[in-house]
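Enquirer: Each chain is listed here by its residues.
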Amino acid sequence: MANWLNDVVRPKIRAAFVRRETPDNLWAKCPGCDQMLFHRELTENHQVCHHCGYHMRLGLDDRIALLMDPGFTLVPIPEVPADPLKFKDEKSYVARMKDARAKTGQSDAMAVAYGTMDSLGVVIAVQNFAFMGGSMGLAVGEALVTAAERAVDHGVPLIVVTAAGGARMQEGILSLMQMPRSTVAVEMVRDAGLPYIVVLTDPTTGGVTASFAMLGDIQIAEPGALIGFAGQRVIEQTIREKLPEGFQRAEYLLEHGIIDMVVPRKDLKAKLARIIGLMTNQKPVPVPVALPAPEAEQPTV
Amino acid sequence: MAMFLDFEKPIAELEAKIKELQAMPEHPGVSIADDIARLEDKADLLLRQTYGRLTAWQKTQVARHQNRPRFNDYVKLLVEDFVPLAGDRAFSDDKAILGGMGRFRGRPVMVVGHEKGADTEGRIRHNFGMAKPEGYRKAIRLMELADRFGMAVITLIDTPGAFPGIEAEARGQSEAIARSTETCLKLSVPLVAVVVGEGGSGGAVALATANRVLMLEHAVYSVISPEGCASILWRSAERAQDAAAALKLTAQDLIKLGVIDAVVPEPLGGAHRDPKATVAAVGHAVASALDEFKGKDGPAIRRDRREKFLAMGRSGLVA
Chain A
45 MANWLNDVVR PKIRAAFVRR ETPDNLWAKC PGCDQMLFHR ELTENHQVCH
95 HCGYHMRLGL DDRIALLMDP GFTLVPIPEV PADPLKFKDE KSYVARMKDA
145 RAKTGQSDAM AVAYGTMDSL GVVIAVQNFA FMGGSMGLAV GEALVTAAER
195 AVDHGVPLIV VTAAGGARMQ EGILSLMQMP RSTVAVEMVR DAGLPYIVVL
245 TDPTTGGVTA SFAMLGDIQI AEPGALIGFA GQRVIEQTIR EKLPEGFQRA
295 EYLLEHGIID MVVPRKDLKA KLARIIGLMT NQKPVPVPVA LPAPEAEQPT
345 V
Chain B
22 MAMFLDFEKP IAELEAKIKE LQAMPEHPGV SIADDIARLE DKADLLLRQT
72 YGRLTAWQKT QVARHQNRPR FNDYVKLLVE DFVPLAGDRA FSDDKAILGG
122 MGRFRGRPVM VVGHEKGADT EGRIRHNFGM AKPEGYRKAI RLMELADRFG
172 MAVITLIDTP GAFPGIEAEA RGQSEAIARS TETCLKLSVP LVAVVVGEGG
222 SGGAVALATA NRVLMLEHAV YSVISPEGCA SILWRSAERA QDAAAALKLT
272 AQDLIKLGVI DAVVPEPLGG AHRDPKATVA AVGHAVASAL DEFKGKDGPA
322 IRRDRREKFL AMGRSGLVA
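Protein chains in written order, with this note's numbering: chain A, 45 to 345; chain B, 22 to 340.
By construction, these hints were calculated from the structure, which means they are not laboratory data. Treat each hint with caution, since some may be false.
Lysine-lysine pairs mimicking DSSO-like chemistry, simulated, CA-CA at most 27 angstroms apart [to be verified]:
1) B:Lys277 to A:Lys132
2) A:Lys130 to B:Lys38
3) A:Lys147 to A:Lys132
4) B:Lys297 to B:Lys63
5) B:Lys297 to B:Lys38
6) B:Lys297 to B:Lys97
7) B:Lys97 to B:Lys315
8) B:Lys63 to B:Lys40
9) B:Lys116 to A:Lys286
10) A:Lys327 to A:Lys315
11) B:Lys40 to B:Lys30
12) A:Lys135 to B:Lys38
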């Protein structure tokens, strides 16, 4: 299915079609400190609690707006075979996909954008946890390959923002094959001598972590993000022990030498731009993060 | 000692009866040879019928059979001058993944693979073939060594999956697996992988990102175990049979999906009935896969591997 909304229409216009998830009440409760937060303030603060700094999950559009300068373009992703296994559990895969597409307005769990970040050219690929847990199947693999090809074509770094429960079970072995396939994408960027940077967000686990998400030249994570190979329940069942405090959290990974840094969301763009600037010997020129406009102010078509 | 799977019960009963008759003392005038022959024909037919239509779940059980040939059996019968190598040079030697160099049909090779262990003690020592980061890092070290000395790499895949544990996570299980997959892709020497038992998810891919991926007739290769899939999607591990069928994890399914390159036939009744013949069949298949790369240079071998995986999902899928 060609998703023209996703492929052709600029993000601002698209936002008028696809309804942002607006909570019924204007207050949200922080999972970190239980404080009640005014929804608008939360949006302005990119879904970070200003009492305790808890990082909630950030939607796809907001994530791209956070990192890219205005004027970026969304890169169309080639279509992939739908439901190659004719998979059905208690619900068919086709039906699950239909629901996920209706809920998110996206065709699958990864979007790719090309543009600038503090005036430096980049391609970013952003995984969308809201779409079937961000799971990696043929479409996510294709998005990564497309992103890598774009980065190589334009001679710019590739930044991948991850968020996924793992592989998409409903695509069986073909989802597993996206582990080597996404690694080929990483190799394409490496061979071109371009930086490949990974930003791990909450949560990133399973086959996604065990492939492209752990192969960055620089590994960055957001505070408190759950990052690991095996699920916590599986580990507890296997070893019959209680898991240590903070296990598989971003700070734990930093402590164990698995990532380079934990960067709060508000500093993420500037930090990425500085890193890219150093790796490609350019000077970033800061462009302020554009706040997502309130819904009422969206242009109508 | 023979171990029979649940669905092999009728065959086991027949074979027990044959043994009983064979053990009977000869009586002049009474010939039981005909009876034995008749029962043997019947057992053979039953075996042929049963193994001719194994379900995905039955194949999963056959693939996990404890009498199937394992890493050490393959090495013993196929590799001369074998020199086992150990350790990741950083933390320890993980015995869930074994490896070493030797001579396969005259040429020096590096063999790397999972080892589940033969008996209870062995299974504990080899951690049931579930590797930790140091196992994958050993594999990386051996593959890079092979690359530098122009040795082809043969990997033998037989794992329920990478080990899920606190220490494995603390030492970077994901990174180790990802890096092993990446190393497979970088090699300038041919890499041939054989799924000889269970190809369990990322723990298998880490060694199976190969130029040619072969699979034994009753082996399985999957993104998740049928039990794991059932407990997530059906919310009950009891539905593993349904999950096994839905996952399309048999060699016959995977060759149709273009994920593997060849299916290696097993002896009648499965690899566990005749390990020697199984190992020999794998040897032939590996030799002919390696022959395909004779005269090819490093860049061509790398390109072959990359393009193979890049194409998965882009083309060739039967709608």
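Enquirer: Each hint needs a verdict: does it hold in this structure or not?
Expert: The hints, checked one at a time:
1. B:Lys277 to A:Lys132: holds (19 angstroms)
2. A:Lys130 to B:Lys38: violated (44 angstroms)
3. A:Lys147 to A:Lys132: With Cα atoms ~20 angstroms apart, A:Lys147 and A:Lys132 stay inside 27 angstroms; holds.
4. B:Lys297 to B:Lys63: holds (25 angstroms)
5. B:Lys297 to B:Lys38: Cα-Cα ~26 angstroms, so holds.
6. B:Lys297 to B:Lys97: holds (10 angstroms)
7. B:Lys97 to B:Lys315: Holds. B:Lys97 to B:Lys315 sits at ~25 angstroms (cutoff 27 angstroms).
8. B:Lys63 to B:Lys40: holds (14 angstroms)
9. B:Lys116 to A:Lys286: holds (26 angstroms)
10. A:Lys327 to A:Lys315: holds (13 angstroms)
11. B:Lys40 to B:Lys30: Since the Cα atoms of B:Lys40 and B:Lys30 sit roughly 15 angstroms apart, the hinted pair holds (cutoff 27 angstroms).
12. A:Lys135 to B:Lys38: violated (47 angstroms)
In terms of the numbered hints stated before, the structure departs from hints 2, 12, listed from lowest to highest.
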